[in-house]
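Student: Listed here are the chains, written in short residue letters.
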Amino acid sequence: MSKGQVNADVLIIGAGPTGAVAAKRLAEAGMRVVVLEQGDWPDYARARADHADFELTAGRDWSANPNRRQGPADYPISDVDSDIAAVMYNAVGGSTVLFAAHWQRNMPSDFRVRTLDGVADDWPLTYEDLEPYYEQVETDFGVSGLAGDPAFPPGKGPPLPPAPLGRMGQRVARAHNQLGWHWWPAPNAIATRPYKALRPCTQRATCMWGCVEGAKGSVDRTHWPPNLALGVQLRMGARVRRLEVNSGGLVTGAVYVDRTGVEHFQPADVTILGANGIGTPRLLLLSGSGRYPNGLANSTGLVGRRLMMHPFGTVVGLFDEDLGSMRGVWGQHLHSLQFYETDPERGFVRGAKWGLQPTGGPVSMTRSYPWGDNPIWGPGFHQSIRKRLGRSAMWGIIAEDLPDEANRVVLDPELKDGDGIPAPKLIYRMSENSYRLLRFHQERARESLQAAGAYETIVAPLIRETGWHLLGTAKMGVDPGSSVVDAWGRAHDIPNLFIFDGSIWPTSSGMNPTATIAALALRCSDQLVRSRSNQEVPT
Amino acid sequence: MSFDPSQRAVLAGLADVLIPAGDGMPSASAAGVAEDGLNQVLAAVPSLGASLADVLARAKGREAAEVVTSLARTDPAAYGILTEVVTAAYFMNPNVRQAVGYTGQGPTPLDPRVDYMEDGLLESVIKRGPIYRPTPKANR
Numbered sequence: 001m002s003k004g005q006v007n008a009d010v011l012i013i014g015a016g017p018t019g020a021v022a023a024k025r026l027a028e029a030g031m032r033v034v035v036l037e038q039g040d041w042p043d044y045a046r047a048r049a050d051h052a053d054f055e056l057t058a059g060r061d062w063s064a065n066p067n068r069r070q071g072p073a074d075y076p077i078s079d080v081d082s083d084i085a086a087v088m089y090n091a092v093g094g095s096t097v098l099f100a101a102h103w104q105r106n107m108p109s110d111f112r113v114r115t116l117d118g119v120a121d122d123w124p125l126t127y128e129d130l131e132p133y134y135e136q137v138e139t140d141f142g143v144s145g146l147a148g149d150p151a152f153p154p155g156k157g158p159p160l161p162p163a164p165l166g167r168m169g170q171r172v173a174r175a176h177n178q179l180g181w182h183w184w185p186a187p188n189a190i191a192t193r194p195y196k197a198l199r200p201c202t203q204r205a206t207c208m209w210g211c212v213e214g215a216k217g218s219v220d221r222t223h224w225p226p227n228l229a230l231g232v233q234l235r236m237g238a239r240v241r242r243l244e245v246n247s248g249g250l251v252t253g254a255v256y257v258d259r260t261g262v263e264h265f266q267p268a269d270v271t272i273l274g275a276n277g278i279g280t281p282r283l284l285l286l287s288g289s290g291r292y293p294n295g296l297a298n299s300t301g302l303v304g305r306r307l308m309m310h311p312f313g314t315v316v317g318l319f320d321e322d323l324g325s326m327r328g329v330w331g332q333h334l335h336s337l338q339f340y341e342t343d344p345e346r347g348f349v350r351g352a353k354w355g356l357q358p359t360g361g362p363v364s365m366t367r368s369y370p371w372g373d374n375p376i377w378g379p380g381f382h383q384s385i386r387k388r389l390g391r392s393a394m395w396g397i398i399a400e401d402l403p404d405e406a407n408r409v410v411l412d413p414e415l416k417d418g419d420g421i422p423a424p425k426l427i428y429r430m431s432e433n434s435y436r437l438l439r440f441h442q443e444r445a446r447e448s449l450q451a452a453g454a455y456e457t458i459v460a461p462l463i464r465e466t467g468w469h470l471l472g473t474a475k476m477g478v479d480p481g482s483s484v485v486d487a488w489g490r491a492h493d494i495p496n497l498f499i500f501d502g503s504i505w506p507t508s509s510g511m512n513p514t515a516t517i518a519a520l521a522l523r524c525s526d527q528l529v530r531s532r533s534n535q536e537v538p539t
Numbered sequence: 001m002s003f004d005p006s007q008r009a010v011l012a013g014l015a016d017v018l019i020p021a022g023d024g025m026p027s028a029s030a031a032g033v034a035e036d037g038l039n040q041v042l043a044a045v046p047s048l049g050a051s052l053a054d055v056l057a058r059a060k061g062r063e064a065a066e067v068v069t070s071l072a073r074t075d076p077a078a079y080g081i082l083t084e085v086v087t088a089a090y091f092m093n094p095n096v097r098q099a100v101g102y103t104g105q106g107p108t109p110l111d112p113r114v115d116y117m118e119d120g121l122l123e124s125v126i127k128r129g130p131i132y133r134p135t136p137k138a139n140r
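Going down the list, the protein sequences come from chains A and B. Position 403, counted from 1, in the first sequence is what our numbering calls 403; the numbers after and before it change by one each time, with no gaps. Position 137, counted from 1, in the second sequence is what our numbering calls 137; the numbers after and before it change by one each time, with no gaps.
Any given hint might turn out to be false.
[To be verified] The list that follows gives simulated cross-link-like pairs (lysine to aspartate or glutamate, DMTMM-like), each with its CA atoms no further than 25 Å apart:
1. B/LYS137 with A/GLU447
2. B/LYS137 with A/ASP9
3. A/LYS196 with A/ASP117
4. A/LYS387 with B/ASP23
5. A/LYS156 with B/GLU118
6. B/LYS127 with A/ASP50
7. A/LYS387 with A/ASP322
8. B/LYS137 with A/GLU135
9. B/LYS60 with B/GLU118
10. B/LYS137 with A/ASP129
11. B/LYS60 with A/GLU131
12. B/LYS137 with A/GLU131
13. B/LYS127 with A/ASP479
14. A/LYS387 with B/ASP16
15. B/LYS137 with A/ASP322
16. B/LYS127 with A/ASP486
17. A/LYS156 with A/GLU135
[To be verified] Per the computed footprint, the stretches of chain B lying under chain A, defined by three or more beta-carbons under 8 Å from a beta-carbon of chain A, are:
18. 3 to 12
19. 107 to 120
Keep in mind that the hints were calculated from the coordinates and are not lab data. Ideal placement from N, C-alpha and C gives every residue a C-beta, glycine not left out.
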């Protein structure tokens, strides 16, 4: 094993949004930061929005499912015992490379679920604690949107104006006003004007399959060039095998394997995990030893447990006019939080956020998602294509997923990645609350589209490959007996080990999580800078 | 992977069951799905070739409509391969794209109009007031 690496003040595992945000703040404070990333830069030369084969090749090069993609940076995930398959992207930029860029702050109640709804847990921080960090990361990511949304406390809005509603958005907005339901121009991490390194969106509706325009605020574009200029060392093709701990119970660094199979040791005073809600618990479980038989930072047994993945619903409406929905911001044109808060009359707790999206090109009109088994083939084919193409609009519904210790990430006893490291296995079942919640929201979304003039609505079948939001597997809390990390991401068991990613969420909210992941990573980083003189480090 | 004329003939038959001529649109085979269309699909995603060849081998000598019905009912994976190849090839044909009004995912600059302010749309939402539950005072 190579041991010649220079000691870092801070070692970060993962160059996705968590690692990028943390590296920026810590490097700005003068710390020597090393980031290990198992992937490479995303190859936008493979983004084929301008080619006739776009709809075919999007799934080849930009599949969100690592089991399908099977790139050199990917590790397999056993999901046979899970209702939902996890999706992610392993590269510089992490899953922001493929995310739909829906930039949703959590609402105040999301931080007080136990107090307000009597279920799950409160967070050890409030909306107000996080608000200044939301404002900062919205500036850093080039977020577009509009201040004044009555679904949130008053405050500063993002730096760029929102994308237009378009014809489909205007129809739905009018319908919601008639119904008395909430809507608002949607917040997106998509530039609507030239902004720092970002160019304005050109509405190709290809955001999730490689943004060729350079308009989407993925951290490979918004953070990594400035991070490198600040002196952050980004080491790619570096897959971490385990963390090392000294006799004093402090993490001394990480053992990683490079793409040639050679092992290296990167020493550091402080280690931060930003490897997502599956990669992070996997690494903690892999780092077990005689002294830590259940894995690192796992005296509670909670590492890997409470996995939340946001069951996802979709409802499509067909309209009798061209809405231009082959293209648009994808992204979302508007959002609705009308049914986000708990209403005990509904028979479930918590709620969901809706985002109005385009539906894409002609091949997408033939697929079983979102169209279900509605017959298209045969004599009715051409008529069905004409009904759907450009004349359909789609609500995407993010359902809050309550924590359940039985839903978990473990190490698979047999499956291994390309370097022989045990792969993660998901054990996850959707709860009755989630099913009830989704059914209610699907029906309301159907009413929304009908009020907007849809002559037909289709509730999409629930599909497995929707596990974008990987949360909860290293819970944050005040009590070391019932949580893995404190409110600043510091492991209760190991004082120089931090987790800043979505693993630490006590509850999942019903929002797309990147805004809160980024804000939380910035808040935790700020605290690490403030407390650096008192930080315990290995000698 | 190359496909011989007999395999292409089988594909053409299956493709026309899925996409027959009608409504002023050509059938799949008339749009070249089993010829240039297939070549383009395989050039883009060569890995589809082996699975497609398997489907075609199973269909050889059988009535095309019966094969399509049977695959849809008993082998969703194979059916998915067949429909993906046929639709992708069909909609790569420039004449077909033009006929359905599809110009691809090309750029469309954002409309600078502030359309969310038109007709008092947003004012209605604002007038309805806050819809969030604030942080309980004891926690602030």
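Student: Hey, B/LYS60 versus B/GLU118, does the alpha-carbon distance stay inside 25 Å?
Tutor: violated (60 Å)
Student: Does B/LYS127 pair with A/ASP479 here, judged by a C-alpha cut-off of 25 Å?
Tutor: violated (42 Å)
Student: Hinted pair, alpha-carbon criterion (25 Å max): B/LYS127, A/ASP486. Please report holds or violated.
Tutor: Roughly 40 Å separates the two Cα atoms, so the pair is violated.
Student: Does A/ASP322 sit within 25 Å of A/LYS387, going by the straight-line distance between their CA atoms?
Tutor: Holds: A/LYS387 and A/ASP322 sit about 9 Å apart, inside 25 Å.
Student: So if I understand the rule, the pair passes when the alpha-carbon distance is 25 Å or less; does B/LYS60 with A/GLU131 pass?
Tutor: Not satisfied, since the Cα-Cα distance of roughly 64 Å exceeds 25 Å.
Student: Are the Cα positions of B/LYS137 and A/ASP9 separated by 25 Å at most?
Tutor: violated (39 Å)
Student: Within a Cα-Cα threshold of 25 Å, do A/LYS196 and A/ASP117 meet the stated pairing?
Tutor: The given pair, whose Cα atoms are some 42 Å apart, is violated under the 25 Å limit.
Student: Does B/ASP23 lie within 25 Å of A/LYS387 when you go C-alpha to C-alpha?
Tutor: holds (13 Å)
Student: Taking a Cβ-Cβ distance under 8 Å as contact, does the region 3 to 12 of chain B have three or more residues in contact with chain A?
Tutor: Answer violated; 0 residues pass the 8 Å Cβ test.
Student: Keeping to a limit of 25 Å between CA atoms, is the pair of B/LYS137 and A/ASP129 held or broken?
Tutor: Answer holds: B/LYS137 to A/ASP129 is near 14 Å, not above 25 Å.
Student: Please work out if B/LYS137 and A/ASP322 have their alpha carbons no farther apart than 25 Å.
Tutor: Violated, at about 49 Å.
Student: Is A/LYS387 within 25 Å of B/ASP16, Cα to Cα?
Tutor: holds (20 Å)
The structure shown violates the earlier hints numbered 1, 2, 3, 6, 9, 11, 13, 15, 16 and 18.
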